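With these hints in hand, go ahead and build the complete structure from the sequences.
Heads up: the sequence shown at position 87 corresponds to 94 in the working numbering, and the numbers run straight through without jumps.
Check the hints yourself; a few may be wrong.
[As the list claims (entries may be wrong)] Pairs of lysine-lysine, DSSO-like flavour, derived with a Cα cap of 30 Å:
1. LYS51 x LYS62
2. LYS22 x LYS40
3. LYS62 x LYS94
[To be verified] Here are the simulated distance ranges between beta carbons:
4. ASP92 x CYS113: 31 to 37 Å
5. VAL23 x ILE74: 27 to 33 Å
6. ILE19 x ASN71: 32 to 38 Å
7. ASP100 x ASN25: 37 to 43 Å
If you're looking for bench data, these hints aren't it; they were derived computationally from the structure.
Here the structure is a predicted model, which means the values were calculated and not measured.
All C-beta atoms, glycine included, are put in the ideal place defined by N, C-alpha and C.
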Amino acid sequence: MAFVVNPEDGLIPLKVANEWAKRWQEFVVPFNKERPADNPYFPKAYLLHRREIEKLLNAPNVVNIRIYFGMDEDLNNHLMMVGVDEKGNNILDSIYNLALPCPPICPGTGGLGG
Numbered sequence: 008m009a010f011v012v013n014p015e016d017g018l019i020p021l022k023v024a025n026e027w028a029k030r031w032q033e034f035v036v037p038f039n040k041e042r043p044a045d046n047p048y049f050p051k052a053y054l055l056h057r058r059e060i061e062k063l064l065n066a067p068n069v070v071n072i073r074i075y076f077g078m079d080e081d082l083n084n085h086l087m088m089v090g091v092d093e094k095g096n097n098i099l100d101s102i103y104n105l106a107l108p109c110p111p112i113c114p115g116t117g118g119l120g121g
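Here it is, written out as structure tokens:
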């Protein structure tokens with residue numbers, strides 16, 4: 008049975024996070040085989056900069072952030088962060104794409120999924 012995330016705080020146990028991350032990493036292996044190890048189609052993770060998140064959350068009428076996936080002409084994945092208003096509508100005047108993929112930007116230790 009799947010773990011149900013608590014909607015009050017969104018926290019999940021480390022064991023569950025590791026299981027989910029490992030499952031994702033195993034799932035994307037066939038997609039990533041044709042790419043260099045340091046530039047996979049589907050990264051393990053992304054590093055998001057606090058300053059961009061704060062800029063986005065401090066923009067007028069922004070109460071949440073929605074993240075879109077995108078792909079450029081060289082087939083590199085991108086995360087695009089968009090502000091969302093209190094009604095759930097996107098605010099498209101500031102779209103950030105400063106998430107750094109792992110790999111190549113990965114933690115020395117403490118990564119999820121093995």
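A quick look at each hint next to the structure:
A threshold of 30 Å between alpha carbons decides the hint, and for LYS51 with LYS62 the separation of about 25 Å falls inside it, so the pair holds. Between LYS22 and LYS40, the direct Cα distance comes to roughly 27 Å. Compliance with the 30 Å bound is thereby established for this hinted pair. As the CA atoms of LYS62 and LYS94 are separated by approximately 20 Å, the hinted pair is consistent with the 30 Å bound. About 34 Å separates the C-beta atoms of ASP92 and CYS113, a value consistent with the hinted range of 31 to 37 Å.
The beta-carbon spacing between VAL23 and ILE74, approximately 21 Å, falls outside the hinted interval of 27 to 33 Å. Distance hint check for ILE19 and ASN71: the Cβ-Cβ separation is about 19 Å, which falls outside the suggested range of 32 to 38 Å. Range check, ASP100 to ASN25: about 38 Å between beta-carbon atoms, so the 37 to 43 Å window is met.
Violated hints for the displayed structure, listed by number in ascending order: 5, 6.
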